[in-house]
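Chains as they are written, first to last, in my numbering: chain A, 1 to 271; chain B, 1 to 731.
Source of the hints: derived by calculation from the structure; they are not laboratory data. Treat the hints with caution; some may be incorrect.
Simulated crosslink set (BS3-like; lysine-lysine; CA at most 30 Å straight-line) [what the hints assert, rightly or not]: (1) B/Lys-384 x B/Lys-352; (2) A/Lys-174 x B/Lys-275; (3) A/Lys-191 x B/Lys-229; (4) A/Lys-104 x A/Lys-90; (5) B/Lys-232 x B/Lys-85; (6) B/Lys-215 x A/Lys-212; (7) A/Lys-166 x B/Lys-162; (8) B/Lys-229 x A/Lys-183; (9) A/Lys-222 x A/Lys-212; (10) B/Lys-39 x B/Lys-266.
Away from chain A, derived, C-beta distances all over 10 Å, residues of chain B [to be verified]: (11) Glu-42; (12) Glu-159; (13) His-166; (14) Lys-275; (15) Val-672; (16) Thr-694; (17) Pro-711.
We put the CB at the ideal spot given by N, CA and C, even for glycine.
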Amino acid sequence: FFFLMIRRPPRSTQSRSSAASDVYKRQGQVSIQLGKNKKLEHTGIRVELIGHIEMVYDKAGSSDFTSMGRELEPTGVLFQDKTYNFSFPKFEKQYESYYGSSVKLRYFLRVTINRNYATKIIKEVDFAVLVPATEPEIKKDIQMEVGIEDCLHIEFEYSKAQYHLKDVVIGKVKFMLVRIKIKYMELCIVKQEKYLTGQANQTQTENETLQKFEVMDGCPNKGDVIPIRLYLAGSDLTPTYTDVSLSLIHISEPTRQAEISYAVFCLKKKN
Amino acid sequence: RCVQETGINAEYMGIVHQIKQSQKVFLEGQTMDDDQEIKLEERRKTVREQAYYMKKAIDTANLRDALRYSTYMLNELKAPELSPKNYYILYMQVFDELRVLESAFREEYRRGRRMADLYESVQYAQNIIPRLYLLVTAGAVYIETNEVAAKDILNDLLEMIKGVQHPLRGLFLRYYFLKMCKDKLPDEGNEYEGEGGTFKDAVSIILGNLEEMNKLWIRMQGSSSNRVKREKERIDLKVLVGENIVRLSGLQGVTLEIYTQEVLPKLLEIISSTKDVISQQYLMECIVTAFPDEYNLKNLNTLLERTGSLNPNCDIKAIYISLMDRLADFSEENKSEIENITQDMDIFQMFKTNIDNIIEEQGQTMELRKLLDLQVAFLNFTLKTYEKRTDYVNQILKSCVVLCEKQSSTSFDEDSLKNIVKLLTYPLESLSITILSMDEYPNLMNYLPFTKRKEVAVKICQAVISTRHPLNNLTTVNQLLSFIQPLLKEEQSFGNQEPYEFEGEQQLVARLVHLVENNHPDKVFEILNAFRQPFEAADEKRQFYTYPSLIFAYIRLARQLKIYNETQGTYKKAGNAEEGGEENEEESEPQETQAYLKPELNFKVVFEIIRKLADSIASGNAELGIKLYLDILQIISECDPQREHDEFSYEIAEAALTLYEDEISDSETKRVIILQIVGVFQILNCFSEENYDTLVSNITQYLSLIHISEPTRQAEISYAVFCLKKKKRYV
Numbered sequence: 001f002f003f004l005m006i007r008r009p010p011r012s013t014q015s016r017s018s019a020a021s022d023v024y025k026r027q028g029q030v031s032i033q034l035g036k037n038k039k040l041e042h043t044g045i046r047v048e049l050i051g052h053i054e055m056v057y058d059k060a061g062s063s064d065f066t067s068m069g070r071e072l073e074p075t076g077v078l079f080q081d082k083t084y085n086f087s088f089p090k091f092e093k094q095y096e097s098y099y100g101s102s103v104k105l106r107y108f109l110r111v112t113i114n115r116n117y118a119t120k121i122i123k124e125v126d127f128a129v130l131v132p133a134t135e136p137e138i139k140k141d142i143q144m145e146v147g148i149e150d151c152l153h154i155e156f157e158y159s160k161a162q163y164h165l166k167d168v169v170i171g172k173v174k175f176m177l178v179r180i181k182i183k184y185m186e187l188c189i190v191k192q193e194k195y196l197t198g199q200a201n202q203t204q205t206e207n208e209t210l211q212k213f214e215v216m217d218g219c220p221n222k223g224d225v226i227p228i229r230l231y232l233a234g235s236d237l238t239p240t241y242t243d244v245s246l247s248l249i250h251i252s253e254p255t256r257q258a259e260i261s262y263a264v265f266c267l268k269k270k271n
Numbered sequence: 001r002c003v004q005e006t007g008i009n010a011e012y013m014g015i016v017h018q019i020k021q022s023q024k025v026f027l028e029g030q031t032m033d034d035d036q037e038i039k040l041e042e043r044r045k046t047v048r049e050q051a052y053y054m055k056k057a058i059d060t061a062n063l064r065d066a067l068r069y070s071t072y073m074l075n076e077l078k079a080p081e082l083s084p085k086n087y088y089i090l091y092m093q094v095f096d097e098l099r100v101l102e103s104a105f106r107e108e109y110r111r112g113r114r115m116a117d118l119y120e121s122v123q124y125a126q127n128i129i130p131r132l133y134l135l136v137t138a139g140a141v142y143i144e145t146n147e148v149a150a151k152d153i154l155n156d157l158l159e160m161i162k163g164v165q166h167p168l169r170g171l172f173l174r175y176y177f178l179k180m181c182k183d184k185l186p187d188e189g190n191e192y193e194g195e196g197g198t199f200k201d202a203v204s205i206i207l208g209n210l211e212e213m214n215k216l217w218i219r220m221q222g223s224s225s226n227r228v229k230r231e232k233e234r235i236d237l238k239v240l241v242g243e244n245i246v247r248l249s250g251l252q253g254v255t256l257e258i259y260t261q262e263v264l265p266k267l268l269e270i271i272s273s274t275k276d277v278i279s280q281q282y283l284m285e286c287i288v289t290a291f292p293d294e295y296n297l298k299n300l301n302t303l304l305e306r307t308g309s310l311n312p313n314c315d316i317k318a319i320y321i322s323l324m325d326r327l328a329d330f331s332e333e334n335k336s337e338i339e340n341i342t343q344d345m346d347i348f349q350m351f352k353t354n355i356d357n358i359i360e361e362q363g364q365t366m367e368l369r370k371l372l373d374l375q376v377a378f379l380n381f382t383l384k385t386y387e388k389r390t391d392y393v394n395q396i397l398k399s400c401v402v403l404c405e406k407q408s409s410t411s412f413d414e415d416s417l418k419n420i421v422k423l424l425t426y427p428l429e430s431l432s433i434t435i436l437s438m439d440e441y442p443n444l445m446n447y448l449p450f451t452k453r454k455e456v457a458v459k460i461c462q463a464v465i466s467t468r469h470p471l472n473n474l475t476t477v478n479q480l481l482s483f484i485q486p487l488l489k490e491e492q493s494f495g496n497q498e499p500y501e502f503e504g505e506q507q508l509v510a511r512l513v514h515l516v517e518n519n520h521p522d523k524v525f526e527i528l529n530a531f532r533q534p535f536e537a538a539d540e541k542r543q544f545y546t547y548p549s550l551i552f553a554y555i556r557l558a559r560q561l562k563i564y565n566e567t568q569g570t571y572k573k574a575g576n577a578e579e580g581g582e583e584n585e586e587e588s589e590p591q592e593t594q595a596y597l598k599p600e601l602n603f604k605v606v607f608e609i610i611r612k613l614a615d616s617i618a619s620g621n622a623e624l625g626i627k628l629y630l631d632i633l634q635i636i637s638e639c640d641p642q643r644e645h646d647e648f649s650y651e652i653a654e655a656a657l658t659l660y661e662d663e664i665s666d667s668e669t670k671r672v673i674i675l676q677i678v679g680v681f682q683i684l685n686c687f688s689e690e691n692y693d694t695l696v697s698n699i700t701q702y703l704s705l706i707h708i709s710e711p712t713r714q715a716e717i718s719y720a721v722f723c724l725k726k727k728k729r730y731v
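Next up, chain A with everything else stripped away, as it sits in the complex (with noise of 0.2 Å):
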């Protein structure tokens, strides 16, 4: 029965100090609106952004990074709506917001109304972080030849390491051994989280394969060629993710799946 509201300024109103430096303003507004009650009781009115990161699967290594409050009201009673005006103006962007499926990194603005004989009220509303990164300065190629003693040698090369959404991945995949029969071979772009778990301090990964690309049909041979031209503005791909790779599996028969090699490179959202 208590309707909270926080509401950001329009873009435009978002003040940029220089681009250099990752120092954001947060201002907003926070409304209170009382409904059938006339009257509120409470011990303090504080808003908060919270920078958090959720361990998903592990609530328990969940952690803030990054916390800052102010206080809108100091204990008393609200007889009628309120709105507040808030900013948090030095607010640094240490990281990007991501909701991953087993690791979350959120950042939101929380306004808590402390009570004493009832629970306190607690409206988060979320909001996303961007680090727009600069174009990387070395545009290196992949190659890399790996295979399978004795069954497949392949050696494959990309045009970049790295890649924006509206790119294009081009590359070639060359057959140098062919003794199994391949069936087909498709890229896939895998998402990959890794996150420390706080136990047992170790590294976990998790894959997701978001998407898949098939770029041969048929078993080639010894010495072919295969082009490989993916543009990403056809895949549903966001800024958000930071460590996206590509990998290229080879399904042969009987149906076996065999993910032959591994290119790691990052997605980013162009300037």
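Given chain A, work out where chain B should sit, using these hints.
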């Protein structure tokens, strides 16, 4: 059942077992086929459905949905279970549906959509088959816009379609590519030339496609399982691969020079890059048939050598035969051109060397029949290209003789013998009697059995007769007679023959006699004697036909003799300069005596010969005998006004009358003949008065013995008597 009833031995049971097996396979094939039918229909139904939605989307200008449905439709072309034949059916259906999409693309362009964007968006499709079919379709329309160089798009397409390495699907995709860029290739004089590229780009693109298609095609062969089935499937699809060569030959820019220097070498390279028999065979044949004959003629040596060095399991001779047949037709239609070409190139020798090589290398393993097929085609080509060269023909015959020598007698099967007959009869058409000068001819003929030799002999006669070639040379005639031996003499082992066939043959021989002619009676006499020998040696059946002809030939000789004697004066003077024919070279007599006849040749000799011949006939056939006797009497009468041969004539007349009395029984025949006799006697001058009287009274007697009721007939008889009496008065 039949086998069981007759209870034949194990061998036949084996055959029954085989039949049962193949039935089983057939039935199995049936169920497999049914399965295929069902699957094919399923897929076709899906294609229809998705195409329907696609068209609806196109109608509402919803390109995104159109592409989506076309992708679903094209996914059916993945069809891993379909046989090539069924895949083709599915492909054709999809091909038709894609035409609608193609026009939709054009329409989009006209509405202002950027083709570059379309070209990119079709590549978002996740599965490769739909993606590439869409890409090729979009690419074709993109080329039409002329916004980008045609060669760039074509090269890009060529590169991207490498993604399909599955043999069947890859072949059809590349075939689609070929079809779509059919009129989009930069070529001399077309709109895509210049910025879009040159025909050389087109050539390299097509050659690239061909090379890849060839690899895929060979890959279809797979492992050694089901070899025969795979081979058959591959042959079903050969046209897909051959389309590349057809496309190449259609380019304007491929002139003779370009063909020689760039196209042909590359094609030969592709062919010899693998050892695959089916591929080598077919592609070579394509080259022979797709490109103008002139181009191939000019490159003949290369072609022949490379063909000879193909995988030995290839049917090399089929390629040679195809080539030679085409060139033979070319020669026939382009006589002046072929003359020019043969002046520059010794085509005959090229062929000969290569064919001899093939025979040497493969002679052990290849059947005689096939080797002879090759020679027959070679002969046909030679006859059409080198019309007068009997020496070439002789060379070919010689190779054949050499071939036959090496064979055991069992190799000569029916087809081989037919080939030998062809080898001997083809030259007759254009060369006719000059074949007699080919020394290898009878050698080759010896390999034929009696019946086939007779066949050839008949053809020879027909050829000589139809060209009305005068037989004026003894050597030639002797040779001819030896060639037509089978017609002149019966062979022991020969069975019965149809009477009309026999008659036809003998009539041919008889007609040959009529072709004998020469300005010089001596020669004619010699030649006729040469004919007489085998005729006399033959049996009565044959003589029935041959003798009359010979008799009349001698009669003609007698006339010629008469004229000769009368004009002897002119002959004496002009003797040395004028003597008929080419037989002079073989003449052994000294020049001076040629103006004079040999002492052997006089009327008496000729008459006696004729008489003997007629006697032979008469003993078998009285009617004919009488007629012949009458003819003899006439010629004697013509040639002998002095009645030197009076007694001789009397004998003949007597013989005729005896025959009449004794041998002719039928009264009607008697009547007819006696009137003929009377008619002839009217003009005869060869009897002395006494002899004439005797004969006439005999005839009159015979006439009186004829009783006829009919008044007109009776009148004839009376008139005949009257005429005889009248003649008698004037004798």
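Checked hints:
The hinted pair formed by B/Lys-384 and B/Lys-352 meets the criterion: a straight-line CA distance of about 16 Å does not exceed 30 Å. A distance of roughly 24 Å separates the Cα atoms of A/Lys-174 and B/Lys-275; the hinted pair therefore holds under the 30 Å criterion. For the hint linking A/Lys-191 to B/Lys-229, the alpha-carbon distance of about 47 Å lies beyond 30 Å, and the restraint is violated. Between the alpha carbons of A/Lys-104 and A/Lys-90 the distance comes to roughly 23 Å, so the proposed pair stays at or under 30 Å and holds.
Taken as a hint, the B/Lys-232 and B/Lys-85 pair is honoured in the structure, with Cα atoms around 11 Å apart against an allowance of 30 Å. Straight-line distance between C-alpha atoms of B/Lys-215 and A/Lys-212 comes to about 28 Å, which keeps the hinted pair within the 30 Å bound. With a C-alpha separation of about 25 Å, the suggested pairing of A/Lys-166 with B/Lys-162 holds against the 30 Å cut-off. Between B/Lys-229 and A/Lys-183 the alpha-carbon distance is near 22 Å, which keeps this suggested pair within the 30 Å criterion.
Pair hint A/Lys-222 plus A/Lys-212 holds up; C-alpha atoms about 25 Å apart against a cutoff of 30 Å. Between B/Lys-39 and B/Lys-266 the alpha-carbon distance is near 41 Å, which puts this suggested pair outside the 30 Å criterion. With a least CB separation of 21 Å from chain A, B/Glu-42 remains clear of the 10 Å interface cut-off, as annotated. With 10 Å as the threshold on Cβ separation, the claim that B/Glu-159 sits away from chain A is violated: the shortest Cβ distance comes to roughly 5 Å.
At roughly 3 Å from the closest C-beta of chain A, the C-beta of B/His-166 falls inside 10 Å, breaking its exclusion from the interface. For B/Lys-275, the requirement that its beta carbon stay farther than 10 Å from each beta carbon of chain A is met, with the minimum near 15 Å. The Cβ of B/Val-672 sits about 93 Å from the closest Cβ of chain A, beyond the 10 Å cut-off, so the non-interface label holds. Its beta-carbon lying about 108 Å from the closest one in chain A, B/Thr-694 satisfies the requirement of being farther than 10 Å from that chain.
Even its closest Cβ contact with chain A, about 105 Å, leaves B/Pro-711 beyond 10 Å, as expected for a residue assigned away from the interface.
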